[in-house]
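Just so you know, the sequence shown maps onto residues 4 to 382 in this note's numbering.
No lab work stands behind these hints: they were computed from the structure. A portion of the hints provided could be inaccurate.
[Stated by the list, open to error] Here are the computed distance ranges between Cβ atoms for each label pair:
hint, residue 1, residue 2, range
1, Gln243, Gln177, 19 to 29 Å
2, Ser202, Thr142, 18 to 28 Å
3, Ser276, Ser304, 12 to 22 Å
4, Gln177, Ser276, 33 to 43 Å
5, His129, Ala170, 23 to 33 Å
6, Asp174, His129, 15 to 25 Å
7, Thr186, Gln243, 23 to 33 Å
8, Ser202, Glu317, 40 to 50 Å
9, Val131, Gln154, 21 to 31 Å
10, Asp184, Leu300, 48 to 58 Å
11, Asp130, Glu342, 19 to 29 Å
[Claimed, not checked] Calculated cross-link-like contacts (lysine-lysine; reagent style BS3-like; alpha-carbon spacing at most 25 Å):
hint, residue 1, residue 2
12, Lys197, Lys173
13, Lys190, Lys147
14, Lys197, Lys147
15, Lys197, Lys239
16, Lys205, Lys264
17, Lys147, Lys162
18, Lys173, Lys205
19, Lys268, Lys242
20, Lys264, Lys242
21, Lys242, Lys197
22, Lys239, Lys205
23, Lys205, Lys190
24, Lys147, Lys264
25, Lys314, Lys268
26, Lys162, Lys205
27, Lys162, Lys197
28, Lys173, Lys162
For each residue, glycine too, the CB sits at the ideal point set by N, CA and C.
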Amino acid sequence: MVVPTTTSIAIAASAEEPTSGVSDSFACDTADTVDKATETTTQVIHDAATQQIATVEAVVAAVSKDEFSVIVAGTTADEALEQSTLETDTETLCGKKRSISETEPLAYSAVVLDIEGTTTPISFVHDVLFPHVVTSIDTFLSEKWDDVECQERVADLVKQSEADVEAGLKDARQILSSTTDRTEAQKSVSDYVKWVMSSDRKVTALKAFQGYLWRSAYEIGDVSGVVYDDAFEALKQWKQQGVPVYIYSSGSVEAQKLLFKYSDKGNMLEYFSGHYDTTTGSKIDPESYRLIANDILQEPSQILFVSDNVKEIEAAYATGYQVCIAVRPGNVPISGSVEEKFNISSDFTLLVNGIKSEIGENNGHSAKIARVETVKMDK
């Protein structure tokens, strides 16, 4: 903050020696007049500066040592105070401050969410969805083999398997041509899918096939998506506030939509403005987040990205996103250094309303918040 200081003005008066006919008393009167004018001018400036300082000090007094204010250059302190709005009892949300007032604008204009370990328990993916693929793939391939979509998905898997073999990946499986024995070809596809899944690789062809397989499971009720209660509440509030929410997950767009369409909270697709998967790019590549920002017509700094994966958080952060690590049961523990660098949250409703001055432990974790008062200046 720049505080104005008293300005000293020196008035130089030069006078020629009195000419003949001009008395010494007249010269003295003139000097007295100049001195009084100088004194008056200096006092006026001093009083104005004192008033400025007092006003600025009043602003500073309203802000604690952990808070801040801004005085726009060229704006008087009185004008700044008059134009400003004081926001109190806010929390630190992924590097930004937001007022608790529902009428105040959010610190971000859009939200991008991960799914696994973020909106949805990681156990649902690993204990329900993945095992379903393993146990049902053989029957599924046998029943769907002649379908056009099945052959398209298998063709993508064949290309990926060839790339894996060419790359020299250890124990890489080769998918047999569909012109060979039908049963053997199907088995080779099944073996390849299981092999890729066992290595937990984020392969686009695999994710697309999984989504295709899960579709029937969701439709007949064998599987229902699971969404955290607080994530559901946050999504409803974001929708009410007009904040667009997008999904960016390693799971295919189809798999994403199936999970939320057939969720334990009902059809939730209305809460999302778009979906992105690895066809956009790797989730640990900053370029992917730049592409998403461009696609949704938002500045990176106006986007909040939430994920449980630190590498993804770092990639989004490098692009300029606001970021927050989701802390959920079963997620990989967050190291102290990471927790110091990034904000964490186990309750997404706190990312929306910011109404609590402190957050109690939830499943052993707590979200980081801070109190701040800001003076926002009109442009």
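Against the structure, the hints come out as follows:
| no. | hint | verdict |
| --- | --- | --- |
| 1 | Gln243 with Gln177: 19 to 29 Å | violated, 52 Å |
| 2 | Ser202 with Thr142: 18 to 28 Å | holds, 24 Å |
| 3 | Ser276 with Ser304: 12 to 22 Å | holds, 19 Å |
| 4 | Gln177 with Ser276: 33 to 43 Å | holds, 41 Å |
| 5 | His129 with Ala170: 23 to 33 Å | holds, 26 Å |
| 6 | Asp174 with His129: 15 to 25 Å | holds, 21 Å |
| 7 | Thr186 with Gln243: 23 to 33 Å | violated, 54 Å |
| 8 | Ser202 with Glu317: 40 to 50 Å | violated, 23 Å |
| 9 | Val131 with Gln154: 21 to 31 Å | holds, 27 Å |
| 10 | Asp184 with Leu300: 48 to 58 Å | holds, 52 Å |
| 11 | Asp130 with Glu342: 19 to 29 Å | holds, 27 Å |
| 12 | Lys197 with Lys173 | holds, 15 Å |
| 13 | Lys190 with Lys147 | holds, 14 Å |
| 14 | Lys197 with Lys147 | holds, 18 Å |
| 15 | Lys197 with Lys239 | violated, 37 Å |
| 16 | Lys205 with Lys264 | holds, 23 Å |
| 17 | Lys147 with Lys162 | holds, 20 Å |
| 18 | Lys173 with Lys205 | holds, 17 Å |
| 19 | Lys268 with Lys242 | holds, 16 Å |
| 20 | Lys264 with Lys242 | holds, 17 Å |
| 21 | Lys242 with Lys197 | violated, 39 Å |
| 22 | Lys239 with Lys205 | violated, 30 Å |
| 23 | Lys205 with Lys190 | holds, 22 Å |
| 24 | Lys147 with Lys264 | holds, 23 Å |
| 25 | Lys314 with Lys268 | violated, 30 Å |
| 26 | Lys162 with Lys205 | holds, 15 Å |
| 27 | Lys162 with Lys197 | holds, 16 Å |
| 28 | Lys173 with Lys162 | holds, 17 Å |
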